[in-house]
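Working from the sequences, and respecting the hints, build out all of it.
Residue numbers (our numbering), protein chains in the order written: chain A, 1 to 115; chain B, 116 to 233.
The set of hints was computed from the structure by calculation and includes no laboratory data. Just so it is clear, CB atoms sit at the ideal spot from N, CA and C, and this is done for glycine as well. Hints are not guaranteed to be accurate.
To be verified - Footprint (simulated), chain A over chain B, 3 or more residues, beta carbon under 8 Å:
1. 162-172
2. 222-228
Stated by the list, open to error - Residues from chain B that keep clear of chain A, each with C-beta distances beyond 10 Å, as calculated:
3. I127
4. G131
5. Q133
6. T135
7. I141
8. S142
9. G143
10. F175
11. G177
12. R182
13. N192
14. S194
15. L196
16. L198
17. G199
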Amino acid sequence: AQSVAQPEDQVNVAEGNPLTVKCTYSVSGNPYLFWYVQYPNRGLQFLLKYITGDNLVKGSYGFEAEFNKSQTSFHLKKPSALVSDSALYFCAVRDMADSSYKLIFGSGTRLLVRP
Amino acid sequence: KAGVTQTPRYLIKTRGQQVTLSCSPISGHRSVSWYQQTPGQGLQFLFEYFSETQRNKGNFPGRFSGRQFSNSRSEMNVSTLELGDSALYLCASSWTRLAGGPGTGELFFGEGSRLTVL
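Given below as structure tokens:
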């Protein structure tokens, strides 16, 4: 069965500092991996995805993520955090062999960037 | 290009009633998925439709149903509402290849319909 773990309920970081939001996954086959962000009372916005190829994926708003197959991780990173990055972040996985678009989401990590 | 549109955005129902939520996908997207988001259970997959056919279904009771129309618009229905059905219901659409294959594309989400059951 597929699963996603986001071990931190909340991450606190000062503006201008680098940030990391952790994600580990479990799938039976090869994964498609995604990061989404959610602002209060809004839907989810796509940030980036890993399909294949380069393990470092660059996405929207300066975010990037590193795929590590041996550690089954897909951590989200940003070199310099902004107060406006404060939001709820979700990691998601889909098995490449799945013919549908079903995503399994992690429990979410709240990012708080203090000025 | 317009995004995914969900209506209504907010609604209040009482236990035992039923509700229908609507979703218009991004033009050209033929796959529509529905998710339920609650503080306790997080984001849970309800079902996915492609070309008016349900392609996958999550672990929800039969009170939860959906359908997709020929123009790819989708509706979901919840009958005999329970207090625990209070949630944000999110619709997402995605592009697919003509043959219906999953492609590698991400899901594009609407703003959601927030249902409160009293």
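Checked hints:
1. 162-172: Coverage by chain A holds here, the residue count being 4 at a Cβ distance below 8 Å.
2. 222-228: With 6 residues close enough to chain A, the hint holds.
3. I127: Check passes; 16 Å lies beyond 10 Å.
4. G131: The assertion about B:G131 holds, with a minimum of 27 Å to chain A.
5. Q133: holds (24 Å)
6. T135: Non-interface label on B:T135 holds, nearest chain A Cβ at 19 Å vs cutoff 10 Å.
7. I141: holds (12 Å)
8. S142: holds (17 Å)
9. G143: holds (15 Å)
10. F175: Fine: 13 Å to the nearest Cβ keeps B:F175 off the interface.
11. G177: holds (19 Å)
12. R182: Fine: 16 Å to the nearest Cβ keeps B:R182 off the interface.
13. N192: holds (20 Å)
14. S194: Holds, because the least Cβ-Cβ distance between B:S194 and chain A comes to about 23 Å, which exceeds 10 Å.
15. L196: holds (21 Å)
16. L198: At roughly 21 Å from the nearest Cβ of chain A, B:L198 sits farther out than 10 Å, so the non-interface label holds.
17. G199: holds (18 Å)
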